[in-house]
Amino acid sequence: MSMPTGSPKTGTAADAPVTGDVVAIKNFAFSPATLKVTTGTTVTWTNQDTDAHTVTSAGSDGPLHSPALATHATYSYRFTKPGTYAYLCSIHPFMTAKVEVTR
Amino acid sequence: MTRRQLIRHAGWFGGAVVLTVAGGEVFSHIAGSRGSSAEAATGTGGALRFVQVSDSHIGFHGPANMDVVGSFTEAIDQVNTLGFRPDFVMHSGDLTHLSTTDQFDQVRQMMTGLRTDRVFTVPGEHDSIGDAGRAYRQVFGEGTLGDGWYSFDTHGVHFIALVNTLRLEKLGHLGTEQIDFVRKDLAGLSSDTPIVVFSHIPLFAMYPRWGWSTDDALKVIALLRRFSSVTCLNGHVHQLFTKTDGNITFHSATTTAYPLPKPGRAPAPTPQVVPARQLKAALGIRTVGYRQGDRELAIKDERLA
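Those protein sequence lines, which keep their order, are chains A and B.
All residue numbers for the first sequence refer to our numbering, where the first residue is 1 and numbers rise by one.
All residue numbers for the second sequence refer to our numbering, where the first residue is 1 and numbers rise by one.
Pulled out of the complex, with its shape left as it was, chain A reads as follows (with noise of 0.2 Å):
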């Protein structure tokens, strides 16, 4: 699909995975856009943008649920089981990343 110039992330640094337990949310993005934790670690989201943001799985049997977030809310999940969990913005569900869990 042709599309205009002006995407924030398209290339492969943004998109490497990244160990840690926090994500940013900025400028419509999450960041990393994929996150690498171990089972038991607790994730935290911050919104960095003045617009609210939701971190919501994708699909309808995902753990993630987070209220609209306003501007520098926060919003903590802890992940028990290995999988990869993709989550999506659901007032901008262009919005999408993953958070990768393994043992």
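One or more of the hints may lead you astray.
[Stated by the list, open to error] Subject to a maximum C-alpha distance of 25 Å in a straight line, what follows is the list of computed SDA-like cross-link-like pairs (lysine to any residue):
(1) A/K81 - A/S31
(2) A/K98 - B/H173
(3) A/K26 - B/P63
(4) B/K170 - A/G40
(5) B/K184 - B/F227
(6) A/K81 - A/G59
(7) B/K219 - A/E100
(8) B/K262 - A/Q48
(9) A/K26 - B/Y207
(10) B/K170 - A/E100
(11) B/K170 - A/P32
(12) A/K26 - B/P261
(13) B/K170 - A/T96
(14) A/K98 - B/A268
(15) B/K170 - A/R103
(16) A/K26 - B/Q272
(17) A/K26 - B/A281
(18) A/K98 - B/R209
(19) B/K300 - B/D216
(20) A/K81 - A/A33
(21) A/K98 - B/D216
(22) B/K170 - B/S213
(23) A/K26 - B/F227
(24) A/K26 - B/K170
(25) B/K300 - B/L279
(26) B/K243 - B/A281
(27) B/K170 - A/H65
(28) A/K26 - B/A266
(29) A/K81 - A/A70
Worth flagging that the hints you see were computed from the coordinates, not collected in a lab.
Note that this is a predicted model, so its numbers are computed, not measured.
Given chain A, work out where chain B should sit, using these hints.
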């Protein structure tokens, strides 16, 4: 080609959507599960005229518009001083900013000030946060089917109101149950019945990168192809945009709250902060008129006065 739909732009900015059809029938109801499609009004006289307002974002607080309540109040006043009483007003979604009970209650109360026979709504993604639209339907879902969709007939025109904000996966989504509803809803209609479809997110691919498209809309478009006059009216993108695809025409409405950038002209669809005068020029309402005999549809967008 003698009956080809003719779109007449009365002005790039206008006011409300006025559908004008000869056929003096009493204004419609929300069709329930029975007989929704066979009630096309016939006769002479009554012109159908309706208004579309959109994306009011009641509850938004930010520099892009410090007073969305004031802007929506002005829009309501503008509808009430059009010089005619619209048959109905459709709010095409994002009534609220954060789906809270208070915001739904506030926008519902504000819309009771509209001088019209009936107010219709479809939910936006901001009206569906976290609960798949349940709070929205508690206030606005009466008489609707499924997750809040419905259809109705008036003045010889068939209207369908779709919900494409509940199961978002990057793009808007209609779902199998709703598409089946459309299929059955259209089945009994003559192909020369004018069709108007409302949705929040565009049914056409306006700019998928920002979610400005509906991933399964082509299944509905396919069902609409046989009709000689189809008009799809949406909100969501906070700016006027028109696209024609055969006998199907798409019209994105503007907002009463704040402008968004043109596709790709910014890194993200962030609320745009503009000088006050430019803000007012970016906000507005829409009227639509339709005349049954010559199949003429008039869409008129007006900036906020």
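Hey, B/K170 versus A/E100, does the alpha-carbon distance stay inside 25 Å? holds (20 Å)
A/K81 and A/A70 were given as a pair; does the straight-line alpha-carbon distance stay at or below 25 Å? violated (29 Å)
For the pair we were handed, A/K26 and B/Y207, check the Cα-Cα distance against 25 Å. This hinted pair holds, its Cα atoms lying about 21 Å apart.
Taking 25 Å as the top limit, are the C-alpha atoms of B/K219 and A/E100 close enough? Not OK: B/K219 and A/E100 at ~34 Å, beyond 25 Å, violated.
Is the Cα-Cα distance between B/K170 and A/R103 25 Å or less? violated (30 Å)
Does A/K98 pair with B/D216 here, judged by a C-alpha cut-off of 25 Å? holds (24 Å)
Are the Cα positions of A/K81 and A/A33 separated by 25 Å at most? holds (20 Å)
Is B/K300 close enough to B/L279, meaning Cα to Cα at most 25 Å? Judged against 25 Å, a Cα distance of about 19 Å means the pair holds.
Holds or violated: A/K98 with B/R209, Cα cutoff 25 Å? Since the Cα atoms of A/K98 and B/R209 sit roughly 18 Å apart, the hinted pair holds (cutoff 25 Å).
Holds or violated: A/K26 and B/A281, Cα atoms, limit 25 Å. Not OK: A/K26 and B/A281 at ~29 Å, beyond 25 Å, violated.
Given the hinted pair A/K81 and A/G59, is their Cα-Cα distance within 25 Å? Status holds; Cα separation ~17 Å.
Agreement of B/K243 and B/A281 with the hint, judged by alpha carbon distance not exceeding 25 Å: holds (22 Å)
Checked against the numbered hints above, the structure breaks hints 4, 7, 15, 17, 19, 23, 29 and satisfies the rest.
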